[in-house]
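Taken in sequence, the protein lines are chains A and B.
Quick note, in numbering that gives the first Met the number 0, the first sequence goes up one by one and the last residue is 610.
Quick note, in numbering that gives the first Met the number 0, the second sequence goes up one by one and the last residue is 595.
Derived by calculation from the structure, the hints in this document are not laboratory data.
Positions of the beta carbon are idealized from the N, C-alpha and C atoms, including for glycine.
Hints are not guaranteed to be accurate.
Restricting the straight-line Cα-Cα distance to at most 30 Å, the calculated cross-link-like pairs of lysine-lysine (DSS-like) are [to be verified]:
no. : chain 1 : residue 1 : chain 2 : residue 2
1   : B       : K18       : A       : K605
2   : B       : K98       : B       : K18
3   : B       : K6        : B       : K28
4   : A       : K605      : B       : K206
Reference excerpt, derived from the structure (chain A facing chain B, CB under 10 Å, subset only) [unchecked claim]:
no. : residue
5   : L60
6   : R445
7   : S459
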Amino acid sequence: MKKTGTSDGVSIMSEKERKRAARSVKKTDNNLVWLWHNMEGFRGIYFLAILGTLLYNALQLVVPYFSAQLVDRFLAGSDAAYNLTNHRDQFFLLLELMVGLTIFRVIIVYLDCVAYERVSQGVLYRVRNFLFDKIQRQDMKFYNTFRTGDLMTRVTGDLDAVRHMIAWVVRMVVEACALLLATGTYFFLMNWKLALCLLAVAPVLFVLIYRFKVQVKPMHQLLREKLAGMNTIAQENISGNRVVKAFAREDYEIERFDVGNRDYRDTNIKTAYTWLAYYPYIESLANLLPVIQLLAGGLFLIAGDLTMGEYVAFSGLTWAIANPMRQLGNIMNEFQRFSAASRKVMEIYYAEPDIVDPENPLEHTGRFDGLIEFRDVSFSYEDSNLPVLKHITFTAKPGETVAIMGETGCGKTSLIHLIPRFYEPTEGEVLIDGHNVNEYTLKDLRGGIGLATQDVLLYSDSIDGNIAYGDSHISREEVVKFARYSAADEFIAKMPEGYDTIVGERGVGLSGGQKQRISLARALAVKPSILILDDTTSAVDLETEKEIQHSLRELSFPCTKLIIAQRISTTKTADQILIMQHGEITERGTHEELIKKGGYYAELVKLQTGM
Amino acid sequence: MARNTYKEDERLDEPFQLKHLLRASGYIKAYTKQMTAALILSAFGGAAALVSPMLIQHALDDAIPAKNTVLLFQLVGALVFFYALSVILTTVRSRIMVKVSQNIIYNIRKDLFAHLQKLPFQYYDDRPHGKILIRVVNYVNSVSDMLSNGLINLILEILNLVFIVIFMFLVDVKLSLVVLAGVPVLMAFMFWIKNRQRKAWQQVSNKNSNLNAYLQENIVGARITQIFAREDENAEIFRGLSDDCRRTWMRAIRYSTSVWPGIDTISVLVRAAIYLCALLLFGNGNTSLGVILAISSYASRFWQPIMNLGNIFNNFLNNMAYLERIFETIDEPVTVDDLPDAGELPPITGRVDFENVSFSYEKGKEVLHGVSFTVNPGESVALVGPTGAGKSTIVSLLSRFYNLDSGRILIDGTDISKVTLHSLRSQMGIMLQDSFIFSGTIEDNIRYGKLDATLDEIRKASRTVCADEFISAMKDGYASEVKERGSLLSQGQKQLISFARTLLSDPAILVLDEATSSIDVQTEKALQQGLNAMLKGRTSFVIAHRLSTIVGCDKIMYIDHGGIVEAGTHEELMAKKGAYYQLYTAQIEDVGPMTA
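Just need the whole structure built from these sequences, with the hints factored in.
Quick look at the structure:
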């Protein structure tokens, strides 16, 4: 993850890309309009691709004409022998035309397909990147709404349906329309009566296709729900594999997945059967064409309203009407798949977090002084009726260490989450350096804060890359320095590959205490003006913890520290200790003051020292 | 094996794919009957469709010139009949095949998932989870059509081809040879493209896998991204991965797209060659006009199945990359598995013996060396020591999450490697450092410990661990929905829920691995009381740093340097004035002089 080289040129590109997307966020409900917006820059080549489709279909209609001529005049006709001896040049000309035009057509087909693929990949690339960026900038509300498996389905499976729309569905529509139109026109010009007889099937066809569309649409929505459901079960099973094994719940999990798997299969079968209920009728209509041709054409021939040559021309081109007809159902199916999927994609595409940059952000450069103020702050989660924080007021002066203690679920973590604006207070203000945190851009605000969360999440990357996560440009020496601060250098250095050791997802392979120390080093590595430790040393042994406390006092940069902890040894030397109970600060003061006071804190000290 | 990350492609050692096709045929075998039926239906459907040109020819040659409307109507009637027959047969075939192909996917996916459940921690530790997920969901979807319809069409086209070749040779051997002359060219073309195309699609699957891995990690780690304000850089990395996908796709698609035009070109050249030959032969007067006509019409009919075969082959190559990955996972060796003659572990009374246990995660890096100890039924054992000393390892060996390098672990005198994993693990209650919460209700999450638990039992377990209070205070109480990475629960609350889950499973041996690290001391004290009553008579292992948690245990083992440094009761170890004594006094001293 480290040192991937953020070359300026590329990041300007991305800025441009974001602006482009912002422009196209003329929010639309129409998925085709949405698609059109995202095809910006590819529309020219797409137009050429469509022309290419018309061209190769035209060639498809023309080439057989030359080979038919060849056969008629030089091989099968009654004067074939004469023609062969006297018009050899024409024979070769026709042969060359047949071969040459076929090769020409084949080249066009190839280039055309590649062009469609290029456009579709280009759009896929753009939308996928946009979605990724969108997802990672969402606030916590979003993450409480969407499950991981569902989000992944949107960025992979659903986007693939969008890609398929551009690469295949549109091409098929163009092809079908082109063939139908060209052949239809040709038929009308040649013999409008027979043409009319043939086209009589069209209204029936359209009614059928329309009814099919109505029926299959909900199926595709259901299908993609089932896919997301199955994806979620599998994803959580893989992520939670330790719990599964610890409880020997493999059979239960297999059973659970089987329900999802079976559901998905059955919905797939149902969707296919919906099509198969229409297929016989549509196929019959397509087959009706040669029948009508024979019957009506035959009668016209007998009546003398049609020449044999015309009849042969008609029958030679029946496929050019029948094939697109057969294709229509398939096209509609794929189109509905696109519809269902694009809705899901657009939901994320247009998702806007509630917590965003202010319109006129405060100019901020360099470091914060580190003055943190909570003024009468109250907070509750949206989907809960209980206030989590009630009238919290306190000040942390630059460079101070403030310890926060309290029972599980008393609101400590919620409190510190208000500082980087993961949530907004429902009442009151949180200020840094005298300004409300919502006056800074999120980047400036969060850039000045180092937070080591409770739930340690490391990435499958080298230890070096994990520590340098917040600032990938720092040198190895610095990485080692921060690892020393968090007492992690010793065990890292002992590993066979040292700082280059790859830790698995969520840092598997490391003990809880080791993970916490890496997470601490990661928070320190951004040299934050404000350091927040959310119970970061709970799994670290006491000796090591002491070491960490010591180095935290001697950081090479000025820093205000907010530390949530359970251990007295951590909080003892804090400038200020806040005791929280049920969302309120009930005691505050230094270690000595609070012991004297004889409240909750004094009780804790007694408990922990066993005295 | 080094761990895989989103940055690296997964290696693939398999050189050839025939093996996988044979493997795949195992899944098809179960549906031989349906497939055969579908094949026969297709053959008849095809034959019915073939009759129609003959009927039309008959009408044109006889009925129309003779102005015989009756015959015309009769022929049209016959035509309708055969078309209808063909439509019905095809519809029935499609209905059968939809079921078959969906069932094949279902079965592959089921086996894949079931096998994943058997794979040890190591497997999950060694690669990003997104890379496992993509195999289960996305890859399996891709191969279904190839295994069902692909196979039937393959057989049909080959049959078709054989018939045409036989007819062609019956008509004229020399001209047939001209037609067949195109085949080696075609073979050479296909051979040239085969390996390139396969490699290209393997690349596509690798790059997609990388992208999926990165995507998953970033959705899960969104909060980390935000606090480090690393969105721009992550977007950059994702763009790089996305670009890899696009590039490899375009490369692969160029090969795939060229197959059809390639065959088309060869086909038109062959036809031209026939005409030229005909011209020469005609000059010699050796060949009749009819023969040339016949051959030239067979030639175009000969190429149709060839083109279709090319298409099927193309499809096979595209999907082989996915099939290989699927079977690679299904074939992944299960290192921790039941022995063939494994018996059930009888209900545990609780004696645990470690006999000279050595263990290493990676070869040559021993984590435990010759560890031996005995725990009597009902005893509580605390494991203390520096982080990374091997405490968690000892307890995970007890559940046989890993195999030992040497030595034995006995429960009630039975070697745990000789009994079924299920009988062992279902009697153990392990609370891990990471408390994983599934998306669903809180009730469901706790019920995971005992699937048939009533709500009363769940409440009781929650009360024991002091979780009932905060759960009841939530809007929907026990029915509150939580998400895997939802933030509605604090870490301490998650631990309490997972604690309740463990208790509910009513384990014979309880293992608490830093189970209470995020729970405050007050709550822990209250919890301890409920727990003590419950634990009476059960063997338990506790890993903790907090001395208040440790002091009350029957036995304390100080673990360091891959072994037990000291063992005994709190009093014994204090009297010994060794490592434990230092640890203990450090904490007391650290708090400083107590006033009050």
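Inset, instruction - Could you tell me which of the hints above the structure violates, numbers in ascending order? - result: Result: hints 1, 3, 4, 5 break, sorted rising.
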